[in-house]
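Chains as they are written, first to last, in the working numbering: chain R, 1 to 330; chain V, 1001 to 1539; chain U, 2001 to 2114.
Treat the hints as calculated values from the structure; they're not laboratory data. What you were told as hints is all true, and nothing was included just to trick you.
Label pairs and their calculated CB-CB ranges: (1) Ala-191/R x Ser-1159/V: 41 to 47 Å; (2) Ala-1051/V x Ala-250/R: 19 to 25 Å; (3) Ser-172/R x Ala-1160/V: 42 to 48 Å.
Note that the coordinates shown come from a computational prediction; the quantities given were computed from them, not determined experimentally. Here a beta-carbon is modelled for each residue, glycine too, at the ideal position from N, C-alpha and C.
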Amino acid sequence: MTCISFVWLSAPDLALTQLVVETVTTVLLLLGLRWLPKRVQESGHANTKGRILRWYRLRDFALAVATGLCLAVLAYTVMIRSAPDSISGFFVENAYIKGGGTNIVNVILVDFRAFDTFGEIAVLGIVSLTVFALLRRFRPAAESMPVPEQQRAQDLYDNAIATRQPGDTVRSAMATPALMMTVLFPIIVIAALYLLLRGHDLPGGGFVAGVMMAVAFILQYMAHGTIWVEERLRVLPIRWMGTGLIVAGAIGCAAWLFDRPFLTSSFSYLDVPWIGPVPLASAMLFDIGIFAMVIGATVLMLIAIAHQSLRSTRTARTRSSDEPSRTEAT
Amino acid sequence: MSAFSDHLIIAPVVLPLFASAIMLMLGGDRRTFNATVNVVSTVALVVIGIALLFAADAAPTGLIGAYRLGNWPPPFAIVLVADRLASLMVLLASVLALAAVVFSLARWHRVGAFFHPLFQFLLMGINGAFLTGDLFNLFVFFEVLLAASYGLALHGSGSARVREGMHYIVINLAASLLFLIGVSLIYGVTGTLNMADLAARIPAVRSEDRGLLEAGAGILGIAFLVKTGMWPLCFWLPATYAAAPPPVASLFAILTKVGIYILLRLWLLLFGDQAGSSAHFGREWLLLGGMATVIFGAIGSLASQSLARMAAYSVLVSSGTLLAAIGMGRIGVTGGALYYLVSSTLGLAALFLLIELVERSREPGADVLAVTRELYGEEYELDDTTESGIAIPATMGILGLAFMGCALILAGLPPLSGFIGKFALLATALNAEDGAVPVAAWVFLVVLILSGLAVLIAMTRAGINAFWASPDRTVPRVRLIETAPVIALILLCAAQTVEAGPVMRFMNAAAQSLHAPSDYIRGVLGAGAEAPNSQRGGQ
Amino acid sequence: MEIVLALGIGVFTGTGVWLILRPRTFQVIIGLSLLSYAVNLFILAMGRLRTNAAPILPARAVGDPAQFTDPLPQALVLTAIVISFATTALFLVVLLASRGLTGTDHVDGQEPEA
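Isolated chain R (complex conformation) (with noise of 0.2 Å):
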């Protein structure tokens, strides 16, 4: 629903980008329901119990609303008032003539305020490292280890034939859609390419070219499973983030060759004999470092979440398969 707010309120870039995030969002939840129990616990509480939380569900729902009235109110008070003398008339007017794009939007984040951007790949840099080192000494809650009960069900029916592996059944279940998503995998990365290369001046750029690269190789890891994927591996998503962080840095210090501050931008056409001038923005090496970051972040945090299931479905498995399988532990 947001994402169909911004095409309406003329947001496209933003659009693009909330519907990748989005899909991102909702594997990690994916991945990290797997850790939750099944079902919520309603124990019956005795009656003054039963008051007193109602007593707090009654609080909660009145500053909800409270809250949600306050904010409602505020923008609709800003909304009717005419706009201020805005910063932002600047960018428009300048974009193309100064900053070598027709994406205003872009050309801000890489450009006029390049800075910013700069801080937000460092924060999804800081957030996968985070990420990766909390899930390292992980122990999963005692009674998400056990493996779960569909995969009990296809292990057992696959250990009771003789000439199936476990495993097997979901391999076979998975063969179509596995198939569909390797076929996927270089269209994707083209698509992803594409927006990253027009970004300067239609919707695209740096973040939704990253995040939608990192969703290719979310399809493999989900269609071959993680030791295929890692097998075929060859640059791991550590060295893509300091390449990225380096590349962005870089082109901000080439600047100072030229005696002109941090991050300035400049831009020219180039001549290809057949295909006519060809626009070349600095900020578009820019917006590979981005590219190059978001990828590297985005995936290290995928992994980390997936080997987690790797890791305990292997012990767990070698447990499950000597002594009866375990309900609940609570």
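Starting from the known structure of chain R, arrange chains V and U on it as the hints suggest.
Coordinates of chains V and U only, in the frame set by chain R:
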């Protein structure tokens, strides 16, 4: 100025960025390599901080200049501004960082992954927040430093740490959302994000929009006050700081000061004497909230059951004092507040590091008050302490002296810098120009003295417990690399006392330029744009 | 048009706050996501609403601010989207880790009677 020193302003932000990038590219998680890069980068930051400080002091208006990123004209570009206050804070952060990283080399950097890259990112965020002159850029750097602080607070895992880390994250997420709402409201009403431009536009805001502007500023203020730890938004602070790894906790001592710096800068810039009808917006809140925080912190430190908690409550006392001092809104008080800020931050950082050393040989729960021993005595979990270091004969002596030093600094007793700081604050608060001392100043005096007493009692009790009480205790095994930072920080406070004259002169000069924002505005927007009461030129 | 957006923001915020105050993990995360959507829409609203005026310059020339909607809030929202995505992911992982270590799903520290 030579081309190199032109870019000195941005160096505190760019240097940690490259250090982290190098660590990620080449180091991965190789600790020795990362540790070396980290230490080298932090030392370089201290040097840069000193250079900035001297440059700011030498500049005619106290402002080195406004660094325009991307070379775009002033209100449209993001600017970095280095004046006396900003360079002071950058230097303070670098010094604390150096102490923390040297301390961590002993064993703390090994308990989890990616300590050093996260550390450099934290420094990048802190320096960016101090130097920026743009509201949204401030938000971005705030997020950088928050994200890195989440990572560092969770460093090493463990059930208490993760639980407190979770609360810390939730509170700060809410504060970030409020930040965004506040910034966008201010943009919606005034049309600019640049701080100097904002200050120039505020007097001209239409009266029907003023309510919205003040609402935006209020919401923004709440976000900063959460970071500062003003009561009643501070309940997360003691638990989080106590649970964090010690070198991290000592660096966190400056995170509250980031909030204070921003409040000081923004409040005096935007709502000073020349802001038309919005002048001094919210000063009563700052005053009252600050004093409430001091009282809360003082009571908390008296009631603490562990040394780390007591130190965390002392952080609150220091924050509250500064908040109340800012609320007074007078040049002299601000100068004293800056002196107090430096001295208390150094003292707190030293205390957090010291506590870890002292607690090594004591059983958990040793500080539990006799009255609560039956109730709480069983609750403490053992950290995994691997014995490192040798038992230096005079260890207890050195640690004891250091502890006494910290107590003197924090309680504000002579001869160390805490006393001078408090004295400066009180003297200027009570020294009214027109002869009549406001009631607020008297209340401030009482609160400050009582809190000093409370901190003194708490620390003395803790000190006696730790150093004098049990005759047959084992001496903690400490390494030189761990005691050196503590002693260095305390010596810095002593130096601050010895050189009190020049230091106070610097602080007063900084306070003066803070209270006269037209220099700042002119410095950022260029000579064409005069301060308030003049019409805005066209783009 | 403004009323619709304002109501939308209000509903998102209210629901988000309600969910955050629930004791269980998953609801807190969804609540946080909803709140960040609300704030993003709020920031966009600060630029005043216009339909069919996407800030893409049609010709390679000087742009006319009157023809387009305000691009600056859009850039701010993009930054905000990325940052909230990062912090949501981090929060999810911390919740999982906390659950693993403390064995309880209740973020407010109160567990149901065993």
